[in-house]
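Asks: Spelled out, the chains give:
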Amino acid sequence: MSRATSAREREFGPYGGRFVPETLVPALDELELAWIEAGTDDGFTAELAALLRDYVGRPTPLYRARRLSEVMGTTVYLKREDLNHTGAHKINNALGQSLLARRMGKRRVIAETGAGQHGVATATACALLDLECIVYMGAEDMRRQRPNVERMELLGASVVSVDAGERTLKEAVSAAIRDWVANVSTTHYAIGSAVGPAPYPGLVRDLQRLIGEETREQIQATEGRLPDRVVACVGGGSNAIGAFVPFIHDRDVELIGVEAAGEGLDTGRHSAPLTTGARGILHGALSAVLQDDDGQVVPAHSISAGLDYPGSGPEHAWLRDEGRVRYVAVEDDDAVAAFRQMAQLEGIIPALEPSHALAWMVANPGTGLDVLVLSGRGDKDLAEVLAW
Amino acid sequence: MSAPTATADRIADAFAGHGKRAALMPYLMGGHTGLDGSRAAAVAAASAGADLLELGVPFSDPLADGPTIHEAGTRALAAGVTPDDVLSICADVADRLPVLLMVYANIVLSVGGATYARRAADAGAAGLIVPDLPHDEAGELREACDVARLALIPLVAPTTTAERLAAIGSDARGFVYTVSLVGTTGERSQLPPELPAMIERVRATTTLPVAVGFGIATPAHARAVGEVADGVIVGTRVVRAAQEGGAQAVGALVRELAQALRRA
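Residue numbers (this note's numbering), protein chains in the order written: chain A, 1 to 388; chain B, 1 to 264.
Quick caveat, the hints were computed from the structure, so don't treat them as lab data.
Glycine included, each C-beta is placed from N, C-alpha and C at the ideal position.
One thing to keep in mind: the hints can contain errors.
To be verified - Here are the simulated distance ranges between beta carbons:
1) A:Ser-185 to B:Ala-220: 21 to 29 Å
2) A:Arg-66 to B:Leu-77: 47 to 55 Å
3) B:Pro-193 to A:Asp-379: 50 to 58 Å
4) B:Thr-161 to A:Ser-161: 55 to 63 Å
5) B:Asp-13 to A:Pro-14: 37 to 45 Å
6) B:Ala-220 to A:Ser-161: 30 to 38 Å
7) B:Gln-190 to A:Leu-33: 30 to 38 Å
Same shape as in the complex, but just chain A:
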């Protein structure tokens, strides 16, 4: 496991911070310290590395998508995070945080989930490590991701339905934070994306950066060079930040984050705060946030439950402002078309989240060597897509 150089990383340029009730601040300090200490503990790093190899199945393949490459007239590789145990990149983070919870002596783990992938990953890690697991999920997401609710319950987790607001991911995060405020001494909050108060955005990135590190090694081995573009979907942005960060200093590698444009950026019904959003505070961090003129956070919209979130990770907001990563957005219809296209061209059913990244890449063919982060598999999305 490689780690960020700075021990304490609370800001990303002007973004990040810890905008939470005072009650939680000591717990964030404790988590920050535990994470720094775990990084220098060979036992911890070895246990995580062994689980990632033998239990999760890493490294995941970097697969040359032959028919997709033919269609695009370029060379496209897929980073196969869909082949991880539990079917998405979320397990990388969930396993690391659950090990950290155990190390801190916290036997109760709470999580939020949108598409259900982070909830399933956390429930899985908690089963493995014999920890109590409670997952907050919006009632609307429970409806559209029913198989994942059943999976979590089978794994021994309690799934709590959240009925506030739009009944999706934003409210699930809020409910999890309120639980954490009340139970902070016994409970670890395993946040699922590179969002939230420090140290979470840096911690989650560190647990996901192996996506980019493996990709770098694999493409060097097969192509003898770095890719021209790395394309990943961005909700909160954990798979993207993990994929991008190892390439940050390779100025010739273009990095593209694809958000959900929902029904269209001009309709107001989208989930594209980086592409469109102002500066705002949501869930403990200053970042790009969809909000109205008064500072009220407005509901996001996307066909993809995993992208249906009005905020984004603070490091993404910084990378946008610095001009290092380009953020674009893809509408629901195009994501569904790409979902079908991937299934029929490559025999891979992708999750709706990376289908957004795929749609952008197909519509904007490059000239050389592309890597698409296939962050998860699409079994969970079948009902939604077939009903579209």
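The hints should help you fit chain B onto chain A, whose structure is shown.
Replies: Chain B only, in chain A's frame:
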């Protein structure tokens, strides 16, 4: 230490001149029962013996609040209540008692700290309480509030370490808002047994008044807290009264709470 300002004096006077065991500070969500309803509830509270008023600005994602105050804010937002509307309520009642605006950080950030502080001061507010702006993030807004002659009231919690408590106490303005329990706002059946010891820890860090909120639900609670603290903040119970019986119920409840705080 607190800058000597007119508003600081107003808060200090409210804590000094109430003639009870402790000052009484009810909380109302701005616009929860309509703008006129909120004004009427604030006036009723002032007439019934409130010494200060905490006035909430509805926010879409209130992380420090339990279900009752969250719901009150959601109702206000659904009725179209804006942060400016709450300032207008403040302006209408601020001559009766010091008003502390309870406002989440993003509402302040969206116009900028200096601008928000100036608008709040123009509306007659005595201070701001920003529940998701811990000490480490608060420096800039505290300076803006000092300039605008507003007190930025800090919060401390049972989880706050001694080191943080000392830093928070030395930068405090107005009073120190002591969160009685580990959790979000809401009525509780009992007060935490560690509360008196916690208040002593807070007191050791500041010469300002120490007020206690979260979980105080009954006149008996108010009386017990009034024995050890300088101020008693009652939020959810008052919001529930506003929801159930409007200004009249708020007035009756505040009268009961004030009565419980009277010395024998």
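Asks: With reference to the structure, classify each hint as holding or not holding.
Replies: Checked hints:
A:Ser-185 and B:Ala-220 have their C-beta atoms about 27 Å apart, which keeps the hinted 21 to 29 Å range intact. Checked against the hint of 47 to 55 Å, the C-beta distance between A:Arg-66 and B:Leu-77 comes to roughly 52 Å, which is consistent with it. The hint said 50 to 58 Å for the Cβ distance between B:Pro-193 and A:Asp-379, and at roughly 51 Å that hint holds. Between B:Thr-161 and A:Ser-161 the beta carbon distance is about 36 Å. The supplied range of 55 to 63 Å is therefore violated.
The hinted range of 37 to 45 Å is satisfied by B:Asp-13 and A:Pro-14, whose Cβ atoms lie roughly 39 Å apart. Take B:Ala-220 and A:Ser-161: their Cβ atoms lie about 35 Å apart, and the range 30 to 38 Å holds. As the Cβ distance of B:Gln-190 to A:Leu-33 is approximately 33 Å, the hint placing it in 30 to 38 Å holds.
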